[in-house]
Structures are given as C-alpha cells and as structure tokens.
Amino acid sequence: MALLPPDAARSAGYRELTARIRQAAQLDRDTAAAQPDRETAAAAELARVATDVRRSVVRMIDRARMGHIGGDLSVTDILVTCFYGVMSVDPENPHWPGRDRFVLSKGHCAAALYSTLAHCGFFDPAELDTFMAPLSALNGHPNKVKVPGVETNTGALGHGLPVATGCALAAKMDSASWRTFVVLGDGELQEGSNWEAAMAAAHHGLSSLTAVIDRNRLQQGARTEDTNALDSLPDKWRSFGWEVREVDGHDHLALLDALSGSSTGRPVAVIANTIKGKGVSFMEDRVEWHHKVPTAEQVETALAELAG
Amino acid sequence: MALLPPDAARSAGYRELTARIRQAAQLDRDTAAAQPDRETAAAAELARVATDVRRSVVRMIDRARMGHIGGDLSVTDILVTCFYGVMSVDPENPHWPGRDRFVLSKGHCAAALYSTLAHCGFFDPAELDTFMAPLSALNGHPNKVKVPGVETNTGALGHGLPVATGCALAAKMDSASWRTFVVLGDGELQEGSNWEAAMAAAHHGLSSLTAVIDRNRLQQGARTEDTNALDSLPDKWRSFGWEVREVDGHDHLALLDALSGSSTGRPVAVIANTIKGKGVSFMEDRVEWHHKVPTAEQVETALAELAG
Amino acid sequence: MTVTDQRATFDCRQAFAEELISLASQDERIVAVCNDSVGSSNLVGFRERFPDRLINVGIAEQDLVGVAAGLANAGKIPYVCAAAPFLTGRALEQIKADVAYSEAHVVLCGQSPGMAYGELGPTHHSIEDLSWLRAVANLDVIVPSDPVQTRAAVRWAAAARRPVYLRVPRFKVPEVTPPDAPFAPRQAVLLREGNDVTVIAIGSLTSRALEAADRLRDEGVSVRVLNTPFLDPIDEDAVIAAARETRGIVTAEEATTSGGLGAAVAATVVTHQPCPMRILGVPRVFAPTGDTAFLLDHFRLSADGIIAAVKDVLGHG
Amino acid sequence: MTVTDQRATFDCRQAFAEELISLASQDERIVAVCNDSVGSSNLVGFRERFPDRLINVGIAEQDLVGVAAGLANAGKIPYVCAAAPFLTGRALEQIKADVAYSEAHVVLCGQSPGMAYGELGPTHHSIEDLSWLRAVANLDVIVPSDPVQTRAAVRWAAAARRPVYLRVPRFKVPEVTPPDAPFAPRQAVLLREGNDVTVIAIGSLTSRALEAADRLRDEGVSVRVLNTPFLDPIDEDAVIAAARETRGIVTAEEATTSGGLGAAVAATVVTHQPCPMRILGVPRVFAPTGDTAFLLDHFRLSADGIIAAVKDVLGHG
Ligand SMILES: Cc1ncc(C[n+]2csc(CCOP(=O)(O)OP(=O)(O)O)c2C)c(N)n1
Ligand SMILES: Cc1ncc(C[n+]2csc(CCOP(=O)(O)OP(=O)(O)O)c2C)c(N)n1
Ligand SMILES: [Mg+2]
Ligand SMILES: [Mg+2]
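Residue numbers (my numbering), protein chains in the order written: chain A, 10 to 317; chain B, 10 to 317; chain Y, 100 to 416; chain Z, 100 to 416.
Source of the hints: derived by calculation from the structure; they are not laboratory data. All values reported here derive from a predicted model rather than from experimental measurement.
With a cut-off of at most 27 Å between alpha-carbon atoms, the simulated DSSO-like pairs for lysine-lysine come out as follows:
#1 B/Lys181 x B/Lys153
#2 A/Lys301 x Y/Lys271
#3 A/Lys153 x A/Lys181
#4 B/Lys301 x Z/Lys271
Build the full structure now, drawing on both the sequences and the hints.
Below is the structure:
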C-alpha cells in the first residue's frame, strides 16, 4: 500500500536511452532539414520500447484477467514517444518541480501507463505482476498517491484536460519552461468537461499544453461515429482556439514532430490516428477488445505477433 | 403556492394577435418574395408586445428590488418573437401534448419570461406583482411545477440544451411535428453540458430543435471575450454539426426568418446579436446592469425611455 | 465456507433487463437512455427488441440526465442506465434540478453500484450515492437486495409518476425475499423474527445479515433481520419497533455511512426511541485495490463483521 | 424583536476576502480560482492586489475544480471561490477524484451556502452540500459561524496540506466566537454551559441557538450550547459528553438533515451513548419562494424553533 520506490538501475538506463533517442531524432537546426539515418535509429529505439510495453500489457491483463487491452495497445506509441522522445522527467525524483507533467486522461489504459513508467524506472517492473491484485498500488485506474509518475487520479473520463490546464496555467504564471501533456480518448471527447477546459486553455494562451487525442474511432460499445459522431474533429479543436496537428499515432517520428512545442502561441491538439488493439491482428479495430480478456491461446498468439 | 391558473381573456387576445402577426409576416410562398407592408405590420405588433414586456420587467425588478435586468432586456425580443411569431402553444392548455416546447436556459431572466407568459395569458399579469415575494409561484428562477408555460426548472446555467434535446428526441421518435426552442446565454456556453448536448443533438439529426443564443457579449462579471472568449461562435456550432444563422436579436423580422425550420436536417443555432440592457440607454452594454437594481429615479427614466 | 456460498447467486442486471423489456412491451412510453453503456447495463436484449427506444447519448452524463428529463417532458418514461458512480457523481445537479425539482418521471438506474467494480478503484465505486441522493428532495431511493426486489423496483418505478433512483446490483447475491414480502415505500421486509438485536440490511449485505443471524441463533442470540428496499422513504415504524422491542440495532450497507441507511436509522432512533446501534458500511477512506468480495471483507461487511457488531451492541464484545 | 437583531451582523465574505488577501501577501503560492464569480465571491479587492493570481475560468464548474487540482499539482494553493450550489452540485465528481482522492491541497470555498440566495430558489440553495461532501473520503468540512471562524478557517486551510471544503456565509450573522475558542479538527467550541439539554449548532444557527439558550435560561432550563466549526472531523468526545451529561441533544443547521450535522451527531450518539435528540434543518422538500430570513423561519430554524425542540426533547412538548 506504500508509495512505490523508484528503480535506480532502470532509471539510469532510461536516461541513457532517452539521450540517445533525442540526439538521433534531432533536426539539424541550421539547415532545418531532417537527418534520415539518425531519425531511423530513433524510430527503431522507440519501436523497441513500444514492443516491450505492448508485451507487458498483454501479460498484465492475462494475469489480472481484467483490463482494457484495446485502448492500451492503441495508446502505447503515444506514451512511449512522450516519455522517451519528448518529456523531461526524472524517474528517481518523480516530484521534481521542473518536470514535464503527463496526464493519462483515458485512465482505463492504466496497464500501458504502468508498463511505460516501470520501463522508465519509476518503479520496479516486477510490481506489474500485482496489477489489480488485493492491496496492490497498481489499481485498475492510476492513483497518484501510490504510483510515482502519475500526476492525478483518472478513471472517470473527462478529468484530465481540466487538470492539465491547471498545470499549464501554473507554469505560465511562474514563467516556467516545463510543458504539460495530456492524452485523451476520442470517445472521451463526448464529455463536456473537455470543452470547458479547451475553451479556457485557449483563452489563457497555454502554449505549453499539448493534448493528444488517441483517435482510434472506437469507444466502449461501438464506433464513435455510430455513437455520437466526433468528426470533423480538427474543426472542433480549431474553433475552440487550438493549434491542430493530425498524425499517424503509430508513427514515432511523426509523433515526435507533432509533439514539439506550439508554433502559434496556442495550445496544441495532436489528433493521433490510431488503431485500437494495434499490434495484435485479431484485436485490431474490433470493438469487443475494448475490455475483453484474451484466452491463454490468444495470449500466446498476441505475444508471438508482438515479438517481431 | 398552487399552480397558477390561465387568464382566459388574455389568452383569447393572444390567439387573435398571434394569428394577425403570423398572417402579416407570412412570406408569399408562391413568389418566395416577402411582402414588405404586411411584414412591417407584424414587426410593429411584435415591437408593441416587446415594449410591454420590457416595461413589465422594469416594474417587477423595481418592486422586488432584485433581478437580472440586463439579460431580461436583451432577451425580450427573442421571447416575444418566439411566443407571438413562431410557436404553437395554448395558454389555456399549457400541457397540450402537441405544443411547441420553449426552454429558457438562462433562467436568471425569469422576469422577462414571466412577463411574456402573462402577456400571452398563461396566467394573470397581476401575479407579476408577487415576483420573488414570500410563497409566490414566481420564484427568482422559473419553476415548472408552479408556473404554466415553463417546461423545465432552470437557474443553474447549462441545463436547458440537454433537456431541449430530450424533448426534440421524443418528437422525432413519435414523428411529431412540434418543435423545441431553447434560449441560451452566451456566457452560459462556457458550460460543457451544452457541448455534450450539441454533439448529441447533431448526431441524432434533431432538425426540430432550435437553440437561440442571446449573444450580448457580457456575462456576470465582465465581457465574455475578456473572461473566456467565445468567438468564433458560428465556427464552434458548425463544427459540432449545427446549421448556423446569425441575426440581429432585436430585429423581429430577422428573428422570424431565423426561427423558421431547419433547411439542412440539422439542428439550428440562431446566434442573436443583442445588447444587454437593450432599450434603457444607461443600461445598454454595461456589465454592472447584469443584476443591479435601479433607483426610483432610474426606474422612472427607464419607463420613460421604454414608452416611446 | 459460508452459507451464502452454497446458494445460487445472481447478477441482478439480468432481472433488471428482463423486467424492463417486459414492461416496455406493454407500455410504449418506456425508453432506455444510456451513456455508451449498452453492454455494461445489459441492454443488448432491449436494443434487439426496441432498437428505436434505446437512446445512447455517448459518454456524457450531464446530457444523459438532461435528455431523460426532456423525454419525460414529452411523455416518455425514461430509464437512465449508467454506471452508478458517473450517473450520480457527474450528473448530480441535473438530477436535482432537471429531475427532482422539476418533478420529472425519470427512473435513474445506477448500474454496478457500491464496490461492484472492485479492482477498478474508487473512481468506479459508487459508495457515496446513497448519501448524495438522500440529500436531494423529492427523489425516492431504492436499493434492491436480489432479483425479486430488482424486478419489483423496475415495475414500481414505471407507475410511480415521480423521480426514482434505483441501484441495480451487479455483485452476485442470492435470493432473499420471501414470496409474500411487501414492496412499497415505507414498508420494511421482515426476514427473521428475533428479539435480542435487530439487524437492518440492504443490497449485498442482506444475505450476509441472514447468514449472521443464522449463525448467531446457533449461539443462542435471537436476531431480527429487517430489510428496507426503500431507503427513502424508509419504514420508520419498523425501525422504531425494532428499537423498542430489541436491545439494539445494527445496520449494514455497501455504502459510506455518513448519510445512507445507518444515518437514516440513527436519526429515526434518536428522535423516537433511542437505543444502541452499530453502523456498518464503508468508512471515510478510499478503498485499496481488490475485488468486491475482498473489499467487502476488508471493510468487515461480512457475516463475521455483522456478528461482531451484534455482540458488541449487546455488550459481549 | 429578538436578541440577535440588536447586535451588529456580518456578511462573512468580507472577513473571508480580507484574510485571503492577508495570507496571499505572505505566501505567493496562494491563488484564487473562480467561475465568473469575482463579484459574488467578493474578490474585487484580491484582484486589485494580485491581478495575476486571480484565475477566472468562466462559467464552467467542472473545469474550475480540475484546474484548481492542476494548480495544486504545480505547487500553488488554490482557493476555489464559487457559489456553493454550483461548486458542489456541478463539480462533485471532480471534487471526489481530482481533489479528495488525488490528495490535492485545494481549498473549496462554497460561497453563499445554505439558503443565502433565498428568493433565487432551490437551484441556488446549497442545502445538500454538507451531506454531499461528508460522503466524500479525505475531505475536511468546515462551517464557520461568524467572521472570526471564517478568518480562522481561511488561515487553517492554507496550512492544512489537504483537501478542504469551507462554507463562506453570506447571510448576515453576529459574532459568536469567544476570544479563546479553539479552531481545530475534532474541537467543539463551548458557547454556554448547561446541564438540561445540549444544543449543537453551526453556521447561521449558532447565534439563534444562543438566543434560544438565553431565553430558556429565563424559563429555568439550562442549555449547553456547543458549536462545531469542523463538521468533519467532528468532536466526538464533546458529543458523547453532552449525551452523557445532559438529557438530550438538539442539532441545528441550515442544511438538509439527511447527512449533515444532525446525522453526524446521531451516529455518534447511538454508537457511544444513546440519548434523545431533535434534528433541526431543512426537511426533504424544495423551499418555496422567500428571502433567507423568511425561509429560516419557515423551516423553524429560529430561536423559537430551537426552544420548541428543546422542550420537546425534555418531554414538556
Ligand atoms: C465518466 C465516465 N463515463 C463512463 C465511463 C466508462 N468507460 C470506460 S472506457 C469507456 C470508453 C472510452 O472510449 P475512448 O475514450 O474512445 O477510449 P479508448 O477507445 O482509447 O479505449 C467508457 C464509456 C468512464 N470510465 N467514465
Ligand atoms: C451553473 C451556474 N454557474 C454560475 C451561475 C451564476 N450566474 C448567473 S447569471 C451568470 C452570467 C450569465 O451570463 P450569460 O449566459 O451571458 O447571460 P446574460 O448575459 O444573458 O445575462 C452567472 C455566472 C449560475 N446561475 N449557474
Ligand atoms: Mg477510442
Ligand atoms: Mg451574456
């Protein structure tokens, strides 16, 4: 029940790997041209981490016999790109005031978040085995009181963007340079609380705030467009005063670009087009895998597909 | 404390007057051209009623020493045009199932609504003298349980559009021809509940639903654009799937046109550009008249200005 | 192994759905309204039968309740089916203003209440709902204990012509209601006669109270077991009689104790017939991780916990 | 004319604003967050002094509380200032998840609580807030009775490092707090010694309880008057002592009785020291039209109503 302690060995590895990825991915600022080879190297590193995270998710859900596997797999590349490619965090000092803030508003995808955080060294990956077990710190939805790297408790949809807006407001008041990232489900955007925050964040010119929408076009029971249509989503965000970027949410380099700072002084909405269940053929784009639990055989197939 | 009874004499007058206005305002369907003289006659009738309502509002607030005079005066022309020029209601039979529904979401402007309803004959105008007095049916915000013509209890902002959406959904399910009108404040649009309903209403193709936004550019404490900017409002509604019409909210003929049925199969948002405090020179577009109470002298001036 | 473990147990969402479909086939005003919760509210069957009468507003609880109020305005009888924590926590002001204060005939069906979503944690636990909704005027609060009461509640609410909140249990419970039991406001159900102590239990705790009573009988303690499917309005007479005729009262509910069953009984007792009580429920902490059964035991909401409370109130702690 | 009428009375929003400004001038982490409520929360002075530390999110209560939680995450100490009915009714799930469950040091200041907005009606009455918020774990609930307690609460909350809900009274009340009174969790304030009956009162009812006690003394009834500025956690010891040492307890609050002061005291009493009680508050109806004073009298939340309840509990009803 106590706060999980950081994993020092892992976090040293994290520092080393993130440095490598960022260096590789860096644009040549003078020529403003990308360096294809190095970019490819960065993408390969991020893909490796993403595969680790996806495999971890499958194992956690297999063990717990519960979870939200479809959304975990769709959001993985976003999580990994944020933590390994973009953000400044220190897993050994998770409350460092100058850190970038990361809020997983679609908190039902806790398994992907926990796997990413453990991979970074926020805590020992062995802890992942306790996912949803009695008295585990790793609840079905993230609890900041127990899990380092979690900034606010989510699980009820529509909470992340207001909280992230508050973080970004504080940074602006303090003229601090840290940024705030929040990842939202697409179905989640049906919650009006998001539009309250979207309006206020634009009004306050929170250019340090980036919202990533995991646009997998599925929600719990059906396709978003069949439930309560969200298209045209870019128009909605633009009309609420945001800078909008649309991107393939499984393309790490494209995500790296899209996650760069605001160019307009406005908050940035990254609409990441993703595939729910990404990486496991029989789960991809299928609504039932929102929270279905794979059989032992399906787990084996999934892990095999995620190996290569 | 009992439900107010209708005022039969007045409601007869209402039937007669609305018939006259509608006839006068009707387009020549064959030529699709307006008939300027008759339109002017309709406008004159509506203006007369609006003046009556405005004068009533001033007297009610003077007597109660409380109220929301600025928003009352900005919404009056919208109310009067809806009830006298557009909607099908029967003041003697306020629960007639085939009636058009009217929801004043900005419920703080109850004085304008009560004055309009009394003018139509939903109840005796003498009752207006009890506005906010102990045990009066005429509370500071409309109570449907006590006041005929009120469809749902408002006062907390952001409630009207969801309820109106439910009404319009029911009409659609029953293939009924009655329409639903809801009037929203512009500051009120900062409430996310509106955007939840806007999205769902568009998704369900509720073409019988019309939302009128009283765009007076002021909220309780400041200008909307200085508090939490709403511009560009038409883009917001359009991006949420609505047909948008922008209109001078004090021009009765323009309102009559704008309040006609949907031409796209989508719900209609009428952005009515208005002036808070309209009709009383020293109140117009001044934030303090959101809920300031005029002195005896100011009441006299206001009534004088509203006479002509 | 406990007694209840040996009996068939039921997820009451099934009884709920069956009864709703049966009612809907007789009364076309009945509609279901949900928030991307067709599956979790077990409405797939309803949708098959009445595709045009299932309204899904998406993930938007304020709109959910407002839309239901609008449907009621136009003559429908909406059953709002949504996970209890979000229905009550997210749309509370809509419940107050659009439903209760507006006297709209809306049936608010809190699915998977209490700690039914055990491992999903406090955001998904609806233990505050009873305190939250008892505070709202003009709203009946019903907490069924088994499929029989769930069906009765669904049926009663259709005819109520007033606002109703109805917990639809998901955590499996055995049948507890006797065949001739009443189901009406202000009517407790007497499940066991007894004159040493009275246990008043609702929802998932009812079967546990029965088990406790049966085990205590073997120890020579005579326990009266009452159940009040209507938490509001509650059966004050039965409570007062229990306070007068037995030596103390233990209440048990899968909810925070601040304003639910325990609070209702305590207020009745001190006003009319003071007696010793023990109030069992979820204390004022956020639950740790664990499944429903684990959490109920963790908070002593078990036959053992009830037995200990009964002994405690008798002074043989 | 009643005794209280002769004394100076105060709108506590002024003490609130002064104390907040004084604190803010000493601690730059303190910020105010509001929802188009600068005027109604009396924050004009704060805005003049600290224009950059007043955040207005517009008319959007869910965002209001979420933003405050985010500000707290980044080291600010936000005082959320909004009309109590909307703050608590509209943002309850944010209060639960973002503030209480997340252990965010946010001070939720419910302005104009109870029936302070009398004529504006039930949508604007915040009588449910005490029941609603006492049900939320990990949240202290403070109900000041006068300017002294309001100031103390504002100061205490800044140092609390935990979630706090604080009612900021608008309906005018006289000073009632003695100079040396404690202000801390679990500490009742003894306002009158007495041994026949105890009256426990909070907020606007405290001065009315004092008036009742003074009038009853003239009739030979000795009334102990307790006040509990912390409704949660409440002073259980003082409640138990009152139950033991006097013949009954009357509670009085400007709130629904289902889960507020009366419920807290009743639960304590039946668990530790059963005694007769009368619970005064707003019954489970929506108030009719009327100003605050009218409504308080209408619901017998007056010295007369308290006197009648005291006599009733003594059996000379
Ligand atoms: C306020 C609230 N309402 C309902 C739910 C139940 N719920 C959990 S996940 C989910 C679907 C989310 O869809 P989306 O945001 O698209 O997420 P993803 O597709 O990435 O899983 C729903 C309805 C919830 N967690 N919170
Ligand atoms: C949920 C809620 N929050 C706050 C208020 C307090 N309030 C009453 S009127 C008002 C301003 C409304 O502005 P707008 O919608 O523009 O109305 P108008 O200008 O027409 O008066 C506010 C904040 C409220 N009534 N309801
Ligand atoms: Mg999705
Ligand atoms: Mg306005």
